[in-house]
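Q: With chain Y held as given, fit chain Z onto it using these hints.
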Amino acid sequence: MAESEPRLQTTEINVNMGPQHPATHGVFRMVLAIDGERVVDVTPHIGYLHRGSEKLAEGLQYHQITPLFDRMAYPAAMNNELVYCMAVEKLMGLEVPERAQYIRVLMCELNRIASHFLFLSSIGLDTGALTPGLYAFRGRERLMAFFEAAAGARLLPNYFVVGGVREDLHDGWKEQLSGVLSLVEFDTDEVDKLLTYNEVFVTRTRNVALIDGRTAIEYGALGPVLRASGVPYDVRKAEPYMVYDRLDFDIPRGENGDCWDRYYVRLFEVRQSLRIVRQAMERIPEGPVQGLRRPTGIRPPKGEAYARSENPTGEIGVYLVSDGSSNPYRVKVRPPSFCNLMALKHLLREAYVADIGVILGTLDIVLGEVDR
Amino acid sequence: MRVLDIVFLIMGLVLLFVGLAVVVMFLTWLERKVLARIQSRLGPMRTAPYGLLQPVADAVKLVFKEDVIPNWASRFVFWMAPILVAVPAFMIWFAIPADRELAIYKIPDASNLFELGLIYVLAISALSTVGVVLAGWSAGNKYSTLGTLRAAAQMLSYEIALVMAAVGVAMLAGSIDLESIVNAQVPGTAPIAGTRWPHAIFAVVQPLGLVIFFLAGLAELSRTPFDIMQAESEIVSGHMVEYSSSHFAGFYLAEYMNTFAIGALVSLLFLGGWHGPLLPGWLWFVIKTFFVVCLILWVRGTFPRLRIDQFMSFCWKALIPLSFVNIAVTAICLYYGWPAWGLTLISLAIVIGAGYFLYRQISAPARETRARFHQRQEAA
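Chains as they are written, first to last, in my numbering: chain Y, 1 to 372; chain Z, 1 to 380.
If you are wondering where the hints come from, they were derived from the structure by calculation, not from laboratory data. The model shown is predicted, which means the values in this text are computed figures rather than measured ones. Every residue gets a Cβ at the ideal spot worked out from N, C-alpha and C, and that includes glycine. Hints may be right or wrong, so weigh each one.
Here are some of the chain Y residues that sit facing chain Z, going by a computed Cβ distance under 8 Å [as the list claims (entries may be wrong)]:
1. Glu37
2. Thr127
3. Tyr197
4. Trp260
5. Tyr264
Same shape as in the complex, but just chain Y (with noise of 0.2 Å):
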């Protein structure tokens, strides 16, 4: 009769996480079963940001869609922007004039840093510390004001056509760039130095919600949240676009796959891109930065094209079907965020409540391009 000696009954509770909470980073909503301060089982809901973006592009034409893509991963909208562009531009067999090519490499790297220091920020707040949450808000204010002098506008800059670029960069854009990037490095080492080795914020990442080479393979996880398990893959290198194979960087490898990899990862890419960018400035040729007459009223051949491109978040996959009309018949984008998004049920399993949103954050994921 030893198993009716009297124990504290305990129930576990379910607690509804979002879609209005500060740490789910978006209208992203869990409904956790917890036991105490453990995790025992999380049902991710998804779906609240919705707003059919693939049905609508196919009633719109190729040059109206761009927008569309600014929209998916706001932190990052060029990038989304390029590998749209990229996948009509196959498309149509088209070639991009060399200036555009480095205008493009040049502004995604911009922009990769911008998100990641979304992501800076974000980590900070997850783990409690507001400080290098700002520091890093301030470099992406002044890549924003770059982004607004070159394109227009700070967030969704429309900036990239198919075929090239809408208009050149402004006069006296070097000098405002090289003024950017050196405080940007700034704030960067500023971020490191507050985080990297901060006692807690160690003790709150490191072997938190480890993933290895093999399961993160297994779950599809991309870009930092799998280099950061130590498999060293970017479409950069692998399948290198644009310019990028004419550039010098490196990409960087995590040992653990814990979450503190996941944010060094991501500072690391950060150095990686300002080494690019400087690169790109110096190598910018003169020529005109449109391939096209004009970049309306396409009509690409019958057929279909897949064009790939390394976003902040990850590989970004854009698959174009076309029927020879002016509109597309479907397009399909395979999201990074959403791919991440599904190794986090493996990661959350066990977790404690608190690391919820830090675990969440290293995913980095966008629920406007979770959802689209």
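A: Just chain Z now, with coordinates in the frame of chain Y:
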């Protein structure tokens, strides 16, 4: 005669309350300003020069908001809890002397209880946790319940270390009267029989005690890095989730009064209270207290938050053993009558040793991994 004393007492209490309210308002402004400067912002600037009237605007806004009590809340407990938090925060101040003759209990016939000042202060400061637990429990919100459980676990962990660090001070001073403790820190006065102490402030004599008391004090205030039970990004302010209006203001008031009280306690127990050259005593007390308060704000601007299990293991495995070591070392030094600098050296050695151990355990591996990241880059 008796009537006059009672009038004095009431006047004193009213003055204390008004004074504290002003200090708390100033403290909210100070916190926002200090944090803003740390984060390269300006902070409040619109209401009056340098936003000095921002606390007034905040208070007016809070009081005029609708006081929402959730349907599922236990109404009476929910209503009482903020008072149970705010009243002890106020009561601590009965026992805290700001100068030689400047304290509520100096009023004739007030009470002799405050000769036990240290015990009174520590006991009362522990009381507010009861209010916090009741607040979170009665609100019937899952997040606040989590916050409540955390508050209870947290309190069990830090309270022992806090009291033990205070015991070390009491041993040095040979008294638990706050005034005697302060006086024992002045060179040349109040010698302890049978020892050869050249008296110095206890922060110098007993740095280990200071570190433990400060850390446990941070935990008591539930401030970064120990703001686990509030944790805005996890459980959205814990026990305060369902509160609004003046009830919320009660928690707010208590939080800042406690911050000021811990600052005052550190300055009394370790920094020599009102003693100092040139300036009047009460001003020294205020300066030292605000120095400690700014230190607390600085910590808030720098550190992330620990997780509850990490906090508990930190308390039980580091703070509490160290606080016992502190007492043992102090006792040995007192028993053999070693000079004060001997205790200073031993204490400092323990602090540095513990700090180095933490560095080796936590920070160093991260630094090494970071270095390996960059090595791989060079190798590639």
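Q: Decide, hint by hint, whether the structure agrees.
A: To see whether the hints hold, each was checked on the structure:
1. Because the closest C-beta pair between Y/Glu37 and chain Z is about 6 Å apart, less than 8 Å, the hint holds.
2. Given hint, Y/Thr127 at the interface with chain Z, holds; its Cβ is 4 Å from that chain's nearest Cβ, closer than 8 Å.
3. The beta carbon of Y/Tyr197 comes within 4 Å of a beta carbon in chain Z, closer than 8 Å, and the hint placing it at the interface holds.
4. Nearest Cβ of chain Z to the Cβ of Y/Trp260: about 7 Å, under the 8 Å cut. The hint holds.
5. Interface hint status for Y/Tyr264: upheld, as the beta-carbon distance to the closest one in chain Z is roughly 6 Å, under 8 Å.
In the structure shown, no violation is registered for any of the earlier numbered hints.
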